[in-house]
Each structure stands twice: as structure tokens, then as C-alpha cells.
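Chemist: First to last, the protein sequences are chains A and B. With our numbering applied, the first sequence corresponds to residues -3 to 123, in that order. With our numbering applied, the second sequence corresponds to residues -3 to 123, in that order.
Hints in this document: simulated from the structure, not taken from any laboratory. Possibly wrong hints are sitting among the right ones.
The list treats identical chains as one, so a pair stands whether inside a single copy or across any two.
Said to hold, decoys possible - Once the Cα atoms are required to be at most 20 Å apart in a straight line, the calculated SDA-like pairs of lysine to any residue come out as:
no., residue 1, residue 2
1, K6, F116
2, K108, T3
3, K84, N72
4, K84, K108
5, K6, E36
6, K49, Q38
7, K6, Q56
8, K6, Q39
9, K108, P71
10, K6, A106
11, K6, G37
12, K49, Q24
13, K108, Q82
14, K6, Q38
The structure presented is a predicted model; accordingly, all values stated were derived computationally and were not measured.
Protein chains: 2
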Amino acid sequence: MNPNFDTIGKGFVDTYYTLFDTNRSQLQPLYRDHSMLTFEGQQFQGAIAITQKLVALPFQAVKHVLTTVDCQPIPNNGVLVFVVGQLKSDDDHPHGFSQTFVLFPEDEAATKYYVMNDIFRLALHHG
Amino acid sequence: MNPNFDTIGKGFVDTYYTLFDTNRSQLQPLYRDHSMLTFEGQQFQGAIAITQKLVALPFQAVKHVLTTVDCQPIPNNGVLVFVVGQLKSDDDHPHGFSQTFVLFPEDEAATKYYVMNDIFRLALHHG
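Chain A on its own, in the form it takes in the complex (with noise of 0.2 Å):
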């Protein structure tokens, strides 16, 4: 198991906002060719293809103010992650989303980690 997963995991989250809210399609370094995005439950796999859905969505001005980011080990040093927060978009009202990540080293040092699985999904807002 990792023991660095919680720092792992929380600089990974930085990283990742922080391109998606300045230039997404900079994200492509962070997915490999067998990685996974299933966003609002339609399913990319791929760096390129992950990659074209990001850049593709609806919104120019995007920022993601994040509630909480929850770390967790994995078998073979992977990192789970999962994150809570708001997702403000153009002129649009907040919407709450939930993501969750699993990271795993690129090389047997580990010192960059790169996204296996992302899974992406739009608070409803009822209740």
C-alpha cells in the first residue's frame, strides 16, 4: 500500500482542477491509452478520446470549487480518490458534482501517477 496516498492524492486533485479550469485540453498527459472516463454515464476510453469529450463540453469559463477530497490506498500503490464540490460553469447557477479517480504510478519510483479511472457525475438537486 501507498503511504503517501492522502499527499498523492490531494496534489493529483490540485493538478487536475486547476487544467481543467484554464485550458482542458492540457489534461492529456494525465490519461493513458487504457484509461477510463464514464461521464453523466457515457464511457470514454483512451487519452485522445477522453481528452476530445473534456474539451468538447458546452462551457467556456468553467471553475470547480471543491467541498472535499477523500483519499484512499489501493493494491499495486494505486490511489482512490474522490472528491465532492461545485462546478461553476458561464453564467450558470453552481451545480454540486462528485468525481472519482483511481491513480496508479507510471514507473516502479512512482513519481508521477497517472488517471486509470474517472468517473464523473452532476449533483441532482432535490431533497
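We have chain A already, so just place chain B on it with the hints.
Modeler: Same frame as chain A, now just chain B:
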């Protein structure tokens, strides 16, 4: 990668929330000694500690109503499960929640799965 990840994940979710909503103490066999739960930021490890936490939650009647269940395969025959739904407890208003699980097979035959990771968060109501 596990080709049956979707069937396994959705079957697990049915079992999990049915047990949770009828008799939470019955959840213990779904966890192992190295399983982890992060519940609203509080961390628990091991089937006994996790089940004690779940049983001690301050409500009697509880019902999970699921909005979405997304599953993806992860290495070593694991399954990532991501749930968004509503939690109705006692006479409270329903609360939105999201929860992510990592499941692994108990044995080579992969006929049964246990929960390696479990992270739960209530959604906040704004926006």
C-alpha cells in the same frame, strides 16, 4: 481486466444497500481486515470497526434510493463502483449522497467479491 465488471458492481450495490436498509450488522461479511471506510471524513479499518461505525449511525429506519450506479474495471480483477443517490432516514428530509467502492475477488475463481475501499459523503444543499 474483469469483463463482468458492470454485472458484478450492480449486483454488489443491490446486496449492499438491501442489507444496509434492513440490518446493518449483516454488512460485516462484505468487508475484510484490511478494508477501509472513510465516512464523512472519519477513517475506519477492518470489518469489525467498519461495521461498528455503520451500526452506530444515529438513525433507526433508513432507505437508500439510488439515482445512478457507474462501474469500471480496475487491474487485478477489481471493480470500481460509484453511486449517487438519496438517503432517507427516520423522519428527516432526504439527503443526497455519493459513495465509491473498490471491490476485489475473494479468490481466483472470482465468484465472490469483498469491499477493499469505501468512501461515503453526504451532498451539501446549496446552488
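Chemist: Next, verify each hint and record whether it holds.
Modeler: Here's how the hints hold up against the structure:
In this assembly of identical chains, K6 and F116 lie within 20 Å of each other by CA distance both inside one copy and across copies; the values are 17 Å within and 17 Å between. In this assembly of identical chains, K108 and T3 lie within 20 Å of each other by CA distance solely inside one copy; the values are 12 Å within and 32 Å between copies. For a Cα distance limit of 20 Å, the shortest separation of K84 from N72 qualifies neither inside one copy, at 35 Å, nor across copies, at 37 Å. Proximity of K84 and K108 under a CA criterion of 20 Å is satisfied in neither setting, with 29 Å inside one chain copy and 41 Å between copies.
For the homomeric pair K6 and E36, the shortest alpha-carbon distance between copies (17 Å) is at most 20 Å, but the shortest distance inside one copy (23 Å) is not. Taking the shortest alpha-carbon separations for K49 and Q38, only the intra-copy value of 10 Å comes in at or below 20 Å, while the best inter-copy value is 35 Å. Taking the shortest alpha-carbon separations for K6 and Q56, neither the intra-copy value of 25 Å nor the inter-copy value of 35 Å comes in at or below 20 Å. Only between protomers do K6 and Q39 lie at most 20 Å apart by alpha-carbon distance; the minimum there is 16 Å, versus 25 Å within a single protomer.
Taking the shortest Cα distances, K108 and P71 sit within 20 Å of each other both inside one copy (17 Å) and across copies (18 Å). For the homomeric pair K6 and A106, the shortest alpha-carbon distance inside one copy (15 Å) is at most 20 Å, but the shortest distance between copies (32 Å) is not. In this assembly of identical chains, the alpha carbons of K6 and G37 lie at most 20 Å apart only when taken from different copies (14 Å versus 25 Å within one copy). In the homo-oligomer, the alpha carbons of K49 and Q24 lie at most 20 Å apart inside one protomer (11 Å), although the nearest pairing across protomers, at 40 Å, exceeds that limit.
Taking the shortest alpha-carbon separations for K108 and Q82, neither the intra-copy value of 27 Å nor the inter-copy value of 36 Å comes in at or below 20 Å. For the homomeric pair K6 and Q38, the shortest alpha-carbon distance between copies (17 Å) is at most 20 Å, but the shortest distance inside one copy (26 Å) is not.
Comparing the model with each earlier hint shows violations of hints 3, 4, 7, 13; every other hint is respected.
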